[in-house]
Amino acid sequence: MCLGIPGQIVEITNPEAMMAMAEVSGVRREVNVACIADGPLQGLIGEWALIHVGFAMSRIDEAEAAATLEALRDLGEAQEALEQMAEGDRALVGLRKETQV
Amino acid sequence: MKYATEFRDPKAAKSLLAAIATTADRIGATREKPVHIMEICGGHTHAIFRYGLDKLVHEGVEFIHGPGCPVCVLPMARVDECIEIAERPEVIFTTFGDAMRVPGSRGSLMQAKARGADIRMVYSPLDALELARRNPDRQVVFFGLGFETTTPSTALSIQQAAREGMTNFSVFCNHITVPEPIRVLLDDPHMMLDGFIGPGHVSMVIGTHPYDFIAQDYGKPIVVAGFEPLDLLQSVLMVLTQIAEGRAEVENQYARVVPEHGNPVSLAAIADVYERRPSFEWRGLGEIDASGLRIRNKYKAFDAEEKFGVGYAAARPRHVPEPEGLACGAVMTGRMKPTQCPQFGRGCTPETPLGALMVSSEGACAAYWQYGGARAAAE
Ligand code: SF4
Chain R
1 MCLGIPGQIV EITNPEAMMA MAEVSGVRRE VNVACIADGP LQGLIGEWAL IHVGFAMSRI
61 DEAEAAATLE ALRDLGEAQE ALEQMAEGDR ALVGLRKETQ V
Chain S
1 MKYATEFRDP KAAKSLLAAI ATTADRIGAT REKPVHIMEI CGGHTHAIFR YGLDKLVHEG
61 VEFIHGPGCP VCVLPMARVD ECIEIAERPE VIFTTFGDAM RVPGSRGSLM QAKARGADIR
121 MVYSPLDALE LARRNPDRQV VFFGLGFETT TPSTALSIQQ AAREGMTNFS VFCNHITVPE
181 PIRVLLDDPH MMLDGFIGPG HVSMVIGTHP YDFIAQDYGK PIVVAGFEPL DLLQSVLMVL
241 TQIAEGRAEV ENQYARVVPE HGNPVSLAAI ADVYERRPSF EWRGLGEIDA SGLRIRNKYK
301 AFDAEEKFGV GYAAARPRHV PEPEGLACGA VMTGRMKPTQ CPQFGRGCTP ETPLGALMVS
361 SEGACAAYWQ YGGARAAAE
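Sequences listed follow chains R and S, in order.
Take 1 as the starting number for the first sequence in this note's numbering and just add one per residue.
Take 1 as the starting number for the second sequence in this note's numbering and just add one per residue.
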């Protein structure tokens, strides 16, 4: 929960809500970029950031992103973060099913 | 030196370990009279065990595992209150997975879910917001948990909910802050701490100045550190060097992520949404003044405590005593090793945790347990 995981911003999805799509270890996930925005959001595309519980909290360079990811894999935290993202998706998907019935 | 082979840069690790040894010798640290360095953050505790750093460094350096694991310091009463909220029929209770197994006096959230409460694990408060949008006839409550690292995420989510005029989203706020418990530990006459490894990601939000009192008022060095093993070794060396040179300063080993003054957007969101509680209860440490945050009056509509009349907003006193015979408090303050707890590995394991330190990989007991086996084999 506290360590965060590096992701690369690939697309701005909702500028009013400061939301962007990030690619985290091959998985796409919408994240909030308010904390790293310091100009037009388009400028964030291609940038790497440390993502904590769905919020991009700090810009990092690509080498730092790679080193951090490796350290997180060692700790088993990278897998855990990805599983938690999937869990979050399931919480929403589960709901959709329920409301359909 | 078995563990060093796992380092990405074994050469750098070796020379750092050598420099640590020289400096430790210089200040006369021995196995009998070690230098005590507290790593505040549970992420650091995990990394220290994962790499066996406590065994690799000079025998005169002893790590004391600090209170920086938000799951571990969550008191039973708060878990009970989560369950109280989650059991309301209109509520969808959302939480980080880490909190699911923390024992309360009526069991854990996991057990409450098994009894039928609608409790869902989410990755982010943004997931909870989305659940609320898709579910207008239910009350979605997010269990806001964590230190300054995660506090901005719930602050920004509450601001977003306010902008959208949502009426079915609220946060059960359990955010806590790092500096206050450190002051309590430093004031404890039984505590013998010589220096600190400061939390990297908390500092990314708050910067390095909130630790100034550690150096200025208590004369102890603190080095804000990253999470890679070389970061930690370098930080240990920086702490020892300060001691050797008779300095006590706040140094920043993790400047590539931690700006001196923190993250302005995060700090503004926190200040807008939260204010300090007069005091907040910590598992193992008791009530600590001004160590917890609550939601400001202007965002009252998003405060689950207000909405459901639980916790600090409830009329009746809410203290739940910790069960007897557990050493969690002593372990958390570094007075005892996990293995000295009578329950360690007997009643208390990661599968059936009695204390919160066994729940998360950031807790000292779980870290001891998880890496103890591998270590025994290596020794
Ligand atoms: S082993 Fe369990 S009961 Fe004992 S201190 Fe650790 S978490 Fe607490």
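Since the hints were made in silico from the structure, they are not lab data.
We put the beta carbon where it would ideally sit given N, CA and C, even for glycine.
Do not rely on the hints blindly, as some may be mistaken.
Said to hold, decoys possible - Computed beta-carbon distance windows for the label pairs:
| no. | chain 1 | residue 1 | chain 2 | residue 2 | range |
| --- | --- | --- | --- | --- | --- |
| 1 | S | Pro189 | R | Asn14 | 29 to 37 Å |
| 2 | R | Glu11 | S | Arg296 | 31 to 39 Å |
| 3 | R | Gly46 | S | Glu32 | 35 to 43 Å |
| 4 | R | Gly43 | S | Arg296 | 47 to 55 Å |
| 5 | S | Pro259 | R | Gly26 | 41 to 49 Å |
| 6 | S | Thr349 | R | Arg73 | 40 to 48 Å |
| 7 | R | Ile45 | S | Glu32 | 37 to 45 Å |
| 8 | S | Lys300 | R | Asp61 | 20 to 28 Å |
| 9 | R | Glu11 | S | Arg247 | 20 to 28 Å |
| 10 | R | Gly46 | S | Glu87 | 58 to 66 Å |
| 11 | R | Arg73 | S | Glu59 | 41 to 49 Å |
| 12 | R | Asn14 | S | Lys55 | 45 to 53 Å |
Numbered hints the structure breaks, given as an ascending list: 1, 3, 4, 5, 6, 7, 8, 9, 10, 11
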